[in-house]
Amino acid sequence: MAKEMIKPYGDTLNDGMVQLAFTLPVAGGPRAKKAAELYVAKLNFTDIAVSFSREIADGFTYFVVYAKALPELDYSTVQATEARVTKLDFYRINELIKTHINRPLVVVGASIGSDAHTVGIDAIMNMKGYNQDYGLERYPQIEAINMGAQVGCEELVARAVEVSADALLVSQTVTQKDVHLANFTELIELLEAEKIRDRFLLVAGGPRISNDLAVELGYDAGFGPGTVPSQVASYMVTTLLRRKGVTGFVD
Amino acid sequence: MAHIELDEKKINRLKSLARQVAEQVQEMIADYSTVSVERAVLRLYGVDGVDGDGTPLVNRLVELLQAKEMLSAGISRYFALAMLTSGRDAQTTALQLVNGDIEFAEQGRFPPEEISAKEQDLALSAVAALDATRQRKAEKQKRYPLGPQPWKYVIVATGNIYEDRTQARAVARSGADIIAVIRSTAQSLLDYIPYGATTEGFGGTFATQENFRIMRAALDEECAATGRYLRLVNYASGLCMAEIAVCAALEDLDMLLNDSMYGILFRDINIKRTFVDQHFSRLICGRAKIIINTGEDNYLTTSDAVENAHTVTASQLINEALGRFSLLTDDLLGLGHAFEIDPTMKNGFLYELAHAQLTRQLFPEAPLKYMPPTKYKSTDIFFSHCQDTMFNLASIATNQGIHLAGMLTEAIHTPLMHDRYQSISAINYVFDTARDLGSEIEFKKDGIVAGRARQVMAETEAFLEEVRVEGLMQAIAAGKFAGIKRREEGGKGLDGVFKKAPNYSNPILARLEKEGVING
Chain G
-18 MAKEMIKPYG DTLNDGMVQL AFTLPVAGGP RAKKAAELYV AKLNFTDIAV SFSREIADGF
42 TYFVVYAKAL PELDYSTVQA TEARVTKLDF YRINELIKTH INRPLVVVGA SIGSDAHTVG
102 IDAIMNMKGY NQDYGLERYP QIEAINMGAQ VGCEELVARA VEVSADALLV SQTVTQKDVH
162 LANFTELIEL LEAEKIRDRF LLVAGGPRIS NDLAVELGYD AGFGPGTVPS QVASYMVTTL
222 LRRKGVTGFV D
Chain B
19 MAHIELDEKK INRLKSLARQ VAEQVQEMIA DYSTVSVERA VLRLYGVDGV DGDGTPLVNR
79 LVELLQAKEM LSAGISRYFA LAMLTSGRDA QTTALQLVNG DIEFAEQGRF PPEEISAKEQ
139 DLALSAVAAL DATRQRKAEK QKRYPLGPQP WKYVIVATGN IYEDRTQARA VARSGADIIA
199 VIRSTAQSLL DYIPYGATTE GFGGTFATQE NFRIMRAALD EECAATGRYL RLVNYASGLC
259 MAEIAVCAAL EDLDMLLNDS MYGILFRDIN IKRTFVDQHF SRLICGRAKI IINTGEDNYL
319 TTSDAVENAH TVTASQLINE ALGRFSLLTD DLLGLGHAFE IDPTMKNGFL YELAHAQLTR
379 QLFPEAPLKY MPPTKYKSTD IFFSHCQDTM FNLASIATNQ GIHLAGMLTE AIHTPLMHDR
439 YQSISAINYV FDTARDLGSE IEFKKDGIVA GRARQVMAET EAFLEEVRVE GLMQAIAAGK
499 FAGIKRREEG GKGLDGVFKK APNYSNPILA RLEKEGVING
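As they're listed, the protein sequences go chains G and B.
If you count by my numbering, then the first sequence holds residues -18 to 232, one letter each, in order.
If you count by my numbering, then the second sequence holds residues 19 to 538, one letter each, in order.
No wet-lab data here; the hints were simulated from the structure.
It is possible that part of the hints are untrue.
Taking CB as the label site, the calculated pair distances span [said to hold, decoys possible]:
1. G:A8 x B:G538: 29 to 37 Å
2. B:A123 x G:L162: 30 to 38 Å
3. B:Q38 x G:E76: 47 to 55 Å
4. B:G497 x G:V144: 16 to 24 Å
5. G:V144 x B:G538: 37 to 45 Å
6. B:S457 x G:E167: 51 to 59 Å
7. G:Q0 x B:S457: 38 to 46 Å
8. G:E135 x B:G538: 50 to 58 Å
9. G:A8 x B:G214: 30 to 38 Å
10. G:L1 x B:G214: 56 to 64 Å
11. G:V45 x B:R246: 37 to 45 Å
12. B:D454 x G:L1: 36 to 44 Å
13. G:L162 x B:G126: 25 to 33 Å
These numbers come from a predicted model, not from an experiment.
Every residue, glycine too, gets a C-beta built ideally from N, C-alpha and C.
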């Protein structure tokens, strides 16, 4: 394949223009500014301009820097996946469940571990939905159970088994020291130990989640920021139908 | 002051409806106590510390009395008797009880009058401690004046109290008026207060008396350095509301998150537990002059900010009415609301102004707590910063009380040092450049803003009427607040609620209620 070399773009192709903002643990002044410039040089930038610097706390100085990046990347070698979603609308999703599954789809959602934030799981599950897109609770053909925040993995799995869930939606919003990874992994390990991993479609969500990361962690799919409920519903329905061998459902 | 023409009669009607709703709850509160209330009494009597397993002594004592099925009379009398028996101070008596050297007993060799007198002594010094913190704070505020409202409220959340202290000092220097130390995420569900300093918490530090002390000491130094009074905030909501209020009072905290319904709706804590704990915790806050912050902003993160604006107003009115029963004065009511309308909505900013101005006019003396956008916060930090700027403008134009600083990295990570710097410098800019904008504004009588404010009032009235007829607990059970349903006999902490026996004794509660509002 032909190489396709790229660099950041400012106003001229391959100018490599990048904006940076950071703090150094030093008092303000000309020496601090010089340190910022030298540090950015170490990051492999040239044409460094420290456009702003201010001591924002005792012994801490904040900088805004413009600089040109040196390395190039061969774009032809870049690969990334997105969760395989055939985008369907609210009515089509309900109709497919009714016709092919013949009972409501049971979906259990929770924000697991110590995470107290329900904003992600609520955006997908609550009646109201997100960004003009109805939440799963609004779907007549989906039984949506939102367990809320700070749900233990055992609690989530117990509920999923109790209601014979088809899919689990697991959200992690705020994460500190990468605890979201540990939480996601804990759930997978629990399901595998109970030998019930394959019973459920497992979907991860949150601002730090990509489909690649979710799949790497052992989930079926992952959804990041900006995802609307119908995307998740489309993914669940089409995947479950494919697994049942039903195809040709896309108009 | 900016002004919308509103019908005074309608405002009075809203206040009267809310009072009736609160009255029903207050009747229930009078009949019950909880393990957390009893532990709070012990803390005010001077019991502190933990046993070898890290369990607080106050928890051990309440459990001991529970095991003897004697808790329904309250722990005060039994503990007073135990102190007479031991002849020692509260802490030593507590240790003797926990170690089994002495036992809680129904009758001792002391006549009932002597036990009552001991209880009254203990209650008197407990209340004196609450008076002392109030006076210490007033003294400090005389020396270091408070900045003008809206006060800039900034959060620190490293999970290490010593790191938080460094961050707090930096924020204080950049002009913040209020420092809130974020609490470890799951603490609201712990039925005890952890002990000592936190150096590794998740999402924050534990609300412990030691953490409070460490941060207050640092802020006192900053007061001296900056010449401005710096307020300290923590969180009381959860299963230990009353106890946390005690720890906060003892360590001179200035504000506590203390909402009447937050725990019920968003943490699934039992309804009775919450209301009963809250009453005692608010009595303590009132006497110690701790400003409460209520959590109406949370409704809007789960429900739509336009559709459900009236539930925010209704909850503010209920929080105010319940606060009155707990002797909170206007200057202590940090009633909450938020700037959460979808930024793509046409004229959304006018609706925000209408909501903020309505809240201002309904509660003219309260230091309203205004929360920044979070729900529709963009992960493009530059756009996010613009959203916060509009929020800052709404806040200064409508003269809000407590202004929570929005962060450009809201949807991304807990704030970095320079995120806070960006936030505060934008607030300083907007507040200065538009300082007297509010006093220049009169909203058009039949304009969008005035019309919206009147609409929210009408919806609030209809909603409160429904709640009054049904009863607040039934309304919560029916999912009328934030679309979340909670049953009266469900939720966490129900097993810690008990009906007071006819001989129930809590002389601190009785004294606080009887003495009413105390200033000075």
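Here's how the hints hold up against the structure:
| no. | hint | in the structure |
| --- | --- | --- |
| 1 | G:A8 x B:G538: 29 to 37 Å | violated (45 Å) |
| 2 | B:A123 x G:L162: 30 to 38 Å | violated (54 Å) |
| 3 | B:Q38 x G:E76: 47 to 55 Å | holds (48 Å) |
| 4 | B:G497 x G:V144: 16 to 24 Å | holds (20 Å) |
| 5 | G:V144 x B:G538: 37 to 45 Å | violated (59 Å) |
| 6 | B:S457 x G:E167: 51 to 59 Å | holds (56 Å) |
| 7 | G:Q0 x B:S457: 38 to 46 Å | holds (39 Å) |
| 8 | G:E135 x B:G538: 50 to 58 Å | holds (54 Å) |
| 9 | G:A8 x B:G214: 30 to 38 Å | holds (34 Å) |
| 10 | G:L1 x B:G214: 56 to 64 Å | violated (40 Å) |
| 11 | G:V45 x B:R246: 37 to 45 Å | violated (28 Å) |
| 12 | B:D454 x G:L1: 36 to 44 Å | holds (38 Å) |
| 13 | G:L162 x B:G126: 25 to 33 Å | violated (58 Å) |
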